[in-house]
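So the sequence lines, in the order shown, correspond to chains R, A and D. Residue numbers for the first sequence follow the working numbering, beginning at 1 and rising by one. Residue numbers for the second sequence follow the working numbering, beginning at 1 and rising by one. Residue numbers for the third sequence follow the working numbering, beginning at 1 and rising by one.
In case anyone wonders, no lab produced these hints; they're calculated from the structure. In this text, all values refer to a predicted model and were calculated from it rather than measured experimentally. Heads up, the beta-carbon is just placed ideally off N, CA and C, and yes, glycines get one too. Please note that a few of the clues may not be correct.
To be verified - For lysine-lysine, the following DSSO-like pairs were computed, each having C-alpha atoms within a straight-line distance of at most 27 angstroms:
no., chain 1, residue 1, chain 2, residue 2
1, R, Lys205, D, Lys125
2, D, Lys271, R, Lys205
3, R, Lys336, D, Lys263
4, R, Lys25, R, Lys77
Claimed, not checked - Simulated restraints, written as ranges between beta carbons of each label pair:
no., chain 1, residue 1, chain 2, residue 2, range
5, R, His39, D, Ser155, 26 to 36 angstroms
6, D, Arg84, A, Gln214, 32 to 42 angstroms
7, R, Ala312, D, Glu171, 20 to 30 angstroms
8, A, Gln214, R, Lys87, 57 to 67 angstroms
9, A, Pro60, D, Glu266, 31 to 41 angstroms
10, R, Gly321, D, Gln149, 46 to 56 angstroms
11, D, Glu266, R, Arg68, 35 to 45 angstroms
12, R, Glu139, D, Gln149, 55 to 65 angstroms
13, D, Pro60, R, Pro282, 22 to 32 angstroms
14, R, Gly28, D, Glu171, 40 to 50 angstroms
15, R, Arg68, D, Glu90, 48 to 58 angstroms
16, A, Gln214, R, Ile287, 41 to 51 angstroms
17, A, Arg58, R, Gly35, 35 to 45 angstroms
This is what each chain is made of:
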Amino acid sequence: MPEPILEVRGLVKHYPLTRGILLRKQIGAVKAVDGVDFHLDRGETLGIVGESGCGKSTVAKMLVNLERPTAGEIRYKGEDITRLSGKALKAVRRNIQMVFQDPYTSLNPRMTVGDIIGEAYDIHPEAAPKGDRRRRVRELLDVVGLNPEYLNRYPHQFSGGQRQRIGIARGLALRPEIIVADEPVSALDVSVQAQVINLLDRLQKEFDLSYVFIAHDLSIVRHISDRVGVMYLGRIVETGTDTEIYDHPTHPYTQALLSAVPVPDPEAREDRERIILAGDVPSPTNIPSGCRFRTRCWKARERCALEVPALAVPAAFRDEGGPAAHDSACHFAEEKRVVPAEGSGGHGGGPG
Amino acid sequence: MPEQPYEPERAVAGTGMGGQMDLGASEAATLTPAGPEPAGPQERPRSLWSDAWHDLRRNPVFLISALVILFLIVISLWPSLIAPGNPLQCELSKAQDGSRPGHPFGYDGQGCDVYTRTVYGARTSVAVGVLSTLGVAVLGSVLGGLAGFFGGFWDSVLSRITDVFFAIPVVLGGLVLLSVITSNTVWPVIGFIVLLGWPQISRIARGSVITAKQHDYVQAARALGASNSRLLLRHITPNAVAPVIVVATIALGTYISLEATLSFLGVGLKPPSVSWGIDISAAAPYIRNAPHALLWPSGALAVTVLAFIMLGDAVRDALDPKLR
Amino acid sequence: MLLEVRDLHVEFHTRDGVARAVNGVSYGVDAGETLAVLGESGSGKSVTAQTVMGILDTPPGRITGGEVLFEGRDLLKLKEEQRRKVRGAEMAMIFQDALSSLNPVLTVGDQLGEMFTVHRGMSRKDARARAVELMDRVRIPGARERVKQYPHQFSGGMRQRIMIAMAMALEPKLIIADEPTTALDVTVQAQVMELLAELQRELRMGLILITHDLGVVADVADRIAVMYAGRIVETAPVHDIYQAPAHPYTRGLLESIPRLDHKGRELYAIKGLPPNLTRIPSGCPFHPRCPMARDVCRTDVPPLYEVSPRRGSACHFFRECLDA
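This is chain R alone, in the form it adopts within the complex:
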């Protein structure tokens, strides 16, 4: 197997909680990310799903170096990028770019579209010769499906979907190898979401991009991802290919999450089993001992409070192989199909 383009090991981000104005005293920490491992291969899409507060956005920020990890490594082509600074950091940044969630706040309202996309070349003059920049910006607009003549317009003159295309063009300007997309379509209308997802799909093939795709919408993540990691309270609790996670989940949290997704099929509503979790997600300042999901888990036993389950293939499935044999951080992992099987009702082919 070739070396992964990105490898994350033991990634941790704790935000200190302090008291006092001039003399600060630490009184605790928000454990936003608390030991995350994954890898990303060239040309693949890794989806990271989880509910709000699970730390997925913090992971994204650390990948593009907007936040410094408290501990852990992020290896880009074998080199740990978390300790870089100055020129070396700038060089790495060219290769890992980000697409933001909110198309309304991620573009500077006082800059023209041309300046927003072209700023990459001001910061990295070596990426494009001066006379060539305007032409490149036009080309990028064309690539993301916008009229290249919109160069001199301001962001507010565009709709949400078009703004997101501008954000994507900015992310592409430096021809990165990796794009980290943090909820790139969740602020868009349903009919526009599909346009942007298709665009991301097409760009991946065209530019041989690797994506880390972060979202809370499980259907979108399945659509776009080759592999999926499910996050809960700062950790990945289950990871595998899309089929392994969606059709053969073994972690109870994944099962609950999948069973709760409303499926656009009224026929399925009577015979669908829904796992309703009790209570709320615990505060990241006060994470339960042992398995962090145990406070809401219907299977929890004494062992779960004492022993942290490792993210590995559970012993029960290790020998038999098959799609259930993937990494799952649960002492009592069991396969359970919660998504109704394909083709049980619903509608057929596309229009026109």
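Given the coordinates of chain R, work out where chains A and D should sit on it, guided by the hints.
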């Protein structure tokens, strides 16, 4: 996306380009470039500032207020251009007299020519207003902006210092500090206003820098590798400067009247200096017998303050592309 | 019929002209029935609901025609005084953002109790007891203690339960829920929707569920009204619409959402953007984005054709769409 009852964003999105913009996105599905652009010839590259200037030149409010201010500046520098007389040459015998040929505004209580004094008074008021606002704005926004951007220890220190300055009563402070200074120029007054005024702007600047800093576009630029100075100059300052401009122009008016107040109390400028403030306070007791002596300097003061506020308003609007 | 909206028209006056947000909407809800109003932002679904509730801001909004019949009376003809008695007691609304819909400086007990002291004239003590009862009913654990807490001390899901409790307090006949679960996480969303459906069954209320989420609709609705550009483009019992949509817009929406049960290939994407409400396309408002559009669609506004007794579609070619 959460629906709002009415979406100004979307309503604006269609202006002047409705059909064409829609075409642009629809074509995306088929990967062909968007249709022909009807919006005129190939546009030259533009920046925020050139666009703002383009707007301002067509804005009558800006043009009128700029003309008034230009006029004020010219007569502050060369008052003798339109007022040949001497503001200090007074004849008590003419005290409180009305309009005479060659003396259109009449005479004040000391028998001085109100027209000449009003023209000469502009110099003091404009100098105090403009220079102290400039000083306050530069000092306040640099300190407040840097504190807001970098945060941390120095930010806390600065916040405490501004708290201390806010606790100083302005008039009392003026009485104490200025009474020990004997110089009869505008500089001590300006210095005093800057000393007490900067915390106000510093707070505004700090707040708006912190707001601007949190926007995703600043994060996006940082992810591209932008340096701190680029973040501050390109992304944060243009988006944080508007409140500072607004507050500064309003403050300019209050500084001009603060000068008048201090002069009235005898610690600002003192006669024989000429200032609207001095003249207003001198004429106030005689408002029944000689209202003209109060009217002209007060009117000049009001017009000046209004002109600066309207100018600030126009500049703020021009710097906001959302209103374009 | 409990509530019947007939040919409602609402417009907004904006800088860009008149935005026609609602253009002849008619729908009805029976007691015990759930009507889902489905639409994207700007479709007019929320404006219609606000008009029904009588909380539309006028200006900028203006109701230019139509009737809102609640148990036979036209609410639009009532005086504000009478209207207020209907709100809360007979119909109630649940909003998307529970945090901003609750007053941060009052305890949830006070806010729940207020419903009883104001509408029912109860004493504060009795009202407090009823508040605890209500919180139990929406399954907030430890209601007796938590009744004294403030809104920020509750999680998002719990706050939405409090909003539901408030809406249910006076056992209204109609509930309008505007994107009640959009801001919540999937697992919490399921809890809240289940609670809402259960209470509705128990109290036999009419429920209008406003949403953009086709999954939520499939889970709870009896009937659907799909809105586009301020019009209802399709209305049908929930099973029919998912099996065979009779309008190309509905079909497009259903095709464009990724599936949870398998990994599809390229998604079908409706081309273009929702229209600008200040200039809605002529004829069928969907024609610029419609794969089936023909000449007649550009000129003639389609009426809501009867597809079958309980089903309507505003498409000239609904038969073709059904067969496709």
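Here is what the structure says about each hint:
Our distance criterion of 27 angstroms between C-alpha atoms is broken by Lys205 (chain R) and Lys125 (chain D), whose separation comes to about 67 angstroms. Restraint check: the Cα-Cα separation between Lys271 (chain D) and Lys205 (chain R) comes to about 21 angstroms, which is no more than 27 angstroms; the hinted pair holds. Note on Lys336 (chain R) and Lys263 (chain D): the hinted pairing holds, with a Cα-Cα distance of about 19 angstroms set against a maximum of 27 angstroms. This hinted pair does not check out: Lys25 (chain R) and Lys77 (chain R) have alpha carbons roughly 39 angstroms apart, beyond 27 angstroms.
The hinted window of 26 to 36 angstroms between His39 (chain R) and Ser155 (chain D) holds, with their beta carbons roughly 34 angstroms apart. For Arg84 (chain D) and Gln214 (chain A), the hinted distance range of 32 to 42 angstroms is satisfied, since their beta carbons lie about 40 angstroms from each other. The hinted window of 20 to 30 angstroms between Ala312 (chain R) and Glu171 (chain D) is violated, with their beta carbons roughly 53 angstroms apart. Judged by the Cβ atoms, the range 57 to 67 angstroms given for Gln214 (chain A) and Lys87 (chain R) is violated: they are separated by roughly 28 angstroms.
About 54 angstroms separates the C-beta atoms of Pro60 (chain A) and Glu266 (chain D), a value inconsistent with the hinted range of 31 to 41 angstroms. Distance hint check: the CB atoms of Gly321 (chain R) and Gln149 (chain D) are about 51 angstroms apart, consistent with the given range 46 to 56 angstroms. For Glu266 (chain D) and Arg68 (chain R), the Cβ-Cβ distance of about 39 angstroms falls inside the hinted range of 35 to 45 angstroms, so the restraint holds. The beta-carbon spacing between Glu139 (chain R) and Gln149 (chain D), approximately 57 angstroms, falls within the hinted interval of 55 to 65 angstroms.
A beta carbon spacing of about 44 angstroms between Pro60 (chain D) and Pro282 (chain R) contradicts the range 22 to 32 angstroms that was offered as a hint. For Gly28 (chain R) and Glu171 (chain D), the Cβ-Cβ distance of about 45 angstroms falls inside the hinted range of 40 to 50 angstroms, so the restraint holds. Hint check: Arg68 (chain R) to Glu90 (chain D), Cβ distance near 57 angstroms, so the stated range 48 to 58 angstroms holds. The hinted window of 41 to 51 angstroms between Gln214 (chain A) and Ile287 (chain R) is violated, with their beta carbons roughly 27 angstroms apart.
Range check, Arg58 (chain A) to Gly35 (chain R): about 60 angstroms between beta-carbon atoms, so the 35 to 45 angstroms window is missed.
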